[in-house]
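Here the protein sequences come in this chain order: A and B.
Residue numbers for the first sequence follow the numbering used here, so the first one is 10 and each next one is one higher.
Residue numbers for the second sequence follow the numbering used here, so the first one is 68 and each next one is one higher.
Rather than coming from a laboratory, the hints here were simulated on the basis of the structure.
Nothing here was measured: the structure is a model prediction, and the numbers come from that model.
One or more hints might be untrue.
Short derived list, chain A residues pointing at chain B, Cβ under 10 Å [unchecked claim]:
# : residue
1 : Gly45
2 : Trp47
3 : Gly159
4 : Glu160
5 : Trp163
6 : Val166
7 : Asn167
8 : Ser173
Glycine residues also receive a C-beta, built at the ideal position from the N, C-alpha and C atoms.
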Amino acid sequence: MSVDLAEDLAPLAYPEDLIRSILRNTRTIAMVGASGHWNRPSFFAMKYLQKKNYRVIPINPKEAGNTILGEMAYASLSEVPVEIDMVQCFRGPGAIPGIVEEAKTLSPLPKVLWMQLGVRNDEAGLEAEAAGMTVVMDRCPKIEYGRLGGEIGWLGVNTGVISSRRFKRI
Amino acid sequence: MSEHGFETLAIHAGAAPEPTTGARALPIYQTTSYVFEDADEAAALFNLQTFGNIYSRLTNPTVSALEERVATLEGGTAGVAVASGHAAQFIALHTLMSVGDEFIAANKLYGGSITQFSTTFAKMGLTCHFVDSSDPENFARALTPKVKAIFVESLANPGGVVTDLEPVARIAADAGVPLIVDNTLATPYLCRPFEWGADIVLHSATKFLGGHGNSVGGLIIDGGKFNWAAEPGKYPALTEPSPGYHGLRFYETFGDFGFAISCRAVGLRDLGPSLAPFNAFLIATGIETLPLRMQRQCESALEVARFLDGHPAIEWVSYAGLENDPHYDLARKYMPKGAGAVFTVGLKAGFEGGVKLVEGVEIFSHLANIGDAKSLVLHPASTTHRQLTPEQAAAAGAGPEVVRISVGLETVEDLIRDLDQALSE
Numbered sequence: 010m011s012v013d014l015a016e017d018l019a020p021l022a023y024p025e026d027l028i029r030s031i032l033r034n035t036r037t038i039a040m041v042g043a044s045g046h047w048n049r050p051s052f053f054a055m056k057y058l059q060k061k062n063y064r065v066i067p068i069n070p071k072e073a074g075n076t077i078l079g080e081m082a083y084a085s086l087s088e089v090p091v092e093i094d095m096v097q098c099f100r101g102p103g104a105i106p107g108i109v110e111e112a113k114t115l116s117p118l119p120k121v122l123w124m125q126l127g128v129r130n131d132e133a134g135l136e137a138e139a140a141g142m143t144v145v146m147d148r149c150p151k152i153e154y155g156r157l158g159g160e161i162g163w164l165g166v167n168t169g170v171i172s173s174r175r176f177k178r179i
Numbered sequence: 068m069s070e071h072g073f074e075t076l077a078i079h080a081g082a083a084p085e086p087t088t089g090a091r092a093l094p095i096y097q098t099t100s101y102v103f104e105d106a107d108e109a110a111a112l113f114n115l116q117t118f119g120n121i122y123s124r125l126t127n128p129t130v131s132a133l134e135e136r137v138a139t140l141e142g143g144t145a146g147v148a149v150a151s152g153h154a155a156q157f158i159a160l161h162t163l164m165s166v167g168d169e170f171i172a173a174n175k176l177y178g179g180s181i182t183q184f185s186t187t188f189a190k191m192g193l194t195c196h197f198v199d200s201s202d203p204e205n206f207a208r209a210l211t212p213k214v215k216a217i218f219v220e221s222l223a224n225p226g227g228v229v230t231d232l233e234p235v236a237r238i239a240a241d242a243g244v245p246l247i248v249d250n251t252l253a254t255p256y257l258c259r260p261f262e263w264g265a266d267i268v269l270h271s272a273t274k275f276l277g278g279h280g281n282s283v284g285g286l287i288i289d290g291g292k293f294n295w296a297a298e299p300g301k302y303p304a305l306t307e308p309s310p311g312y313h314g315l316r317f318y319e320t321f322g323d324f325g326f327a328i329s330c331r332a333v334g335l336r337d338l339g340p341s342l343a344p345f346n347a348f349l350i351a352t353g354i355e356t357l358p359l360r361m362q363r364q365c366e367s368a369l370e371v372a373r374f375l376d377g378h379p380a381i382e383w384v385s386y387a388g389l390e391n392d393p394h395y396d397l398a399r400k401y402m403p404k405g406a407g408a409v410f411t412v413g414l415k416a417g418f419e420g421g422v423k424l425v426e427g428v429e430i431f432s433h434l435a436n437i438g439d440a441k442s443l444v445l446h447p448a449s450t451t452h453r454q455l456t457p458e459q460a461a462a463a464g465a466g467p468e469v470v471r472i473s474v475g476l477e478t479v480e481d482l483i484r485d486l487d488q489a490l491s492e
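Could you put the whole structure together from the sequences, leaning on the hints where they help?
Following this line, the structure appears as structure tokens:
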């Protein structure tokens with residue numbers, strides 16, 4: 010993955026309720042581009058999401074047959090033997106059209122196609138939306154979970170959450 | 068800015084009720100360290116791979132409430148609180164620069180900042196080019212390939228000078244360098260520099276944010292819009308693998324708040340000027356009344372400035388809230404709710420007149436601070452700007468005849484009577 014914030018494109022804005030509803034209704038995530046290396050963002054994002062009770066299935070041809078954080082890695086989405094709620098793309102913008110094409114062939118169709126922080130492909134995103142998937146680009150689910158749950162406030166991050174309620178929930 | 072109003076955010080941002088006990092006021096977490104769940108979680112925390120607290124030099128929940136509050140009020144993505152405004156400048160610029168790098172700063176700055184930039188920074192191999200900010204093009208003229216940032220104060224201390232932020236931001240953007248704005252005197256209530264193109268906002272929270280003259284503190288706010296990777300290798304602290312964190316890249320991993328995380332995870336880790344939780348508590352509590360204080364202090368400052376403008380002992384008044392002031396139009400544009408509560412006057416009797424005024428007041432306090440609920444006076448030439456050359460002091464608006472006034476929350480008639488008697492002695 011490379012940082013390509015595509016500054017010439019209009020900035021993305023996702024309603025808090027949309028992100029909340031995705032994180033609440035997702036259970037199984039297929040992480041395309043998951044790394045087996047302990048210090049890559051995809052690895053520790055996967056580890057964090059597992060701790061928050063998501064099942065994360067790594068998709069990476071180089072890791073196929075290996076186990077990453079206790080989960081078998083597959084070479085492609087179509088090989089995953091369980092239902093996928095969300096496809097999370099830890100790949101550069103150029104790899105997104107291929108991922109969308111494959112996701113479209115899955116049955117049932119994944120509900121969400123999520124491109125990682127720094128990754129944006131508007132055209133492929135529109136195609137995924139046309140096929141019936143909800144699309145999020147240039148965001149990290151780990152950061153969004155930490156933001157809405159208040160954990161990331163410990164780093165001084167503006168969570169946008171204003172609440173007088175005692176218990177936070179995603 | 069979220070859909071909530073400024074007053075709501077000043078009270079609620081960063082400080083939801085503490086979930087374990089239900090405590091509604093911001094708890095003071097007077098602790099150095101935090102117990103780990105297990106060894107694996109400890110390692111993940113040290114590697115910045117999960118969210119949590121390790122040690123209060125890096126994060127503390129009382130301090131982080133303050134950070135989130137100011138980041139929210141400024142419309143930034145994240146904040147880092149530090150021990151003073153000077154520490155904020157040091158950490159922010161240290162994150163952007165390496166030995167041999169340069170930056171450009173307005174010559175109308177707080178005297179302590181001019182000293183910090185021109186002496187201690189120079190000793191570390193960081194060069195500051197000071198330019199006359201009254202013409203924004205001067206920033207463009209001073210650009211070199213080694214320049215890594217442009218630094219200005221939105222409302223300059225001590226002179227009531229308003230910086231024309233929009234053209235300076237354009238020059239910075241064209242040069243591919245971040246515009247850093249010290250927003251101490253305006254506060255986000257009067258001016259939000261990110262809306263005019265700033266990339267980083269700094270504060271001395273000691274002043275109007277805390278508002279009661281009881282705590283020294285500083286803040287660095289990340290605007291989140293600067294593309295640190297636009298020129299490869301230009302900002303290695305953001306884009307290159309960080310050796311202390313096993314090759315983690317801050318911009319890649321944290322995106323639009325990567326700069327703030329780098330200031331914290333490297334700057335605070337290695338340079339160390341963390342903010343004490345008790346000070347963070349006092350400053351965060353002060354901010355709850357920031358909108359009310361700023362509004363009243365601006366109104367009173369205008370009344371006091373008008374009174375002094377017509378006083379026979381006063382040569383001139385430099386307050387951008389006065390209609391005949393050269394900065395009046397800029398103040399209307401950048402801070403329409405008020406031109407701040409700090410300004411300068413020139414005494415007809417020169418240096419002696421300034422000394423007589425600061426020694427003759429009974430309600431104004433003669434001390435080296437601004438932005439307190441108490442009204443304050445200072446003679447910069449004999450104090451805050453004493454370490455500058457006469458030329459630097461005059462350029463910064465702190466010549467021998469100048470007195471700086473910070474108008475507080477007392478009854479405005481009492482303040483006017485106090486100045487009148489001191490000037491008449």
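Quiz item: Minimum Cβ distance from glutamate 160 (chain A) to chain B below 10 Å?
Solution: Holds - the Cβ of glutamate 160 (chain A) comes within 10 Å of chain B, reaching about 4 Å at its closest.
Quiz prompt | Satisfaction of the tryptophan 163 (chain A) interface hint, Cβ to chain B closer than 10 Å | solution = Holds. Min distance 5 Å.
Quiz item: Should the hint that valine 166 (chain A) touches chain B count as held when the rule is a Cβ pair under 10 Å?
Solution: 4 Å, holds
Quiz item: Any CB of chain B closer than 10 Å to the CB of serine 173 (chain A)?
Solution: This interface hint holds because 7 Å falls under the 10 Å limit.
Quiz item: Under the criterion of a CB-CB separation shorter than 10 Å, is asparagine 167 (chain A) in contact with chain B as hinted?
Solution: 4 Å, holds
Quiz item: Taking the closest Cβ pair, is tryptophan 47 (chain A) under 10 Å from chain B?
Solution: 8 Å, holds
Exercise. So, glycine 159 (chain A) near chain B? Judge it on the closest CB pair being under 10 Å.
Key: Because about 7 Å separates glycine 159 (chain A) from the closest Cβ in chain B, which is inside the 10 Å limit, the hint holds.
Quiz item: At a threshold of 10 Å, is the proposed contact between glycine 45 (chain A) and chain B supported by beta-carbon distances?
Solution: 15 Å, violated
Going down the numbered hints, you'll see the structure goes against just number 1.
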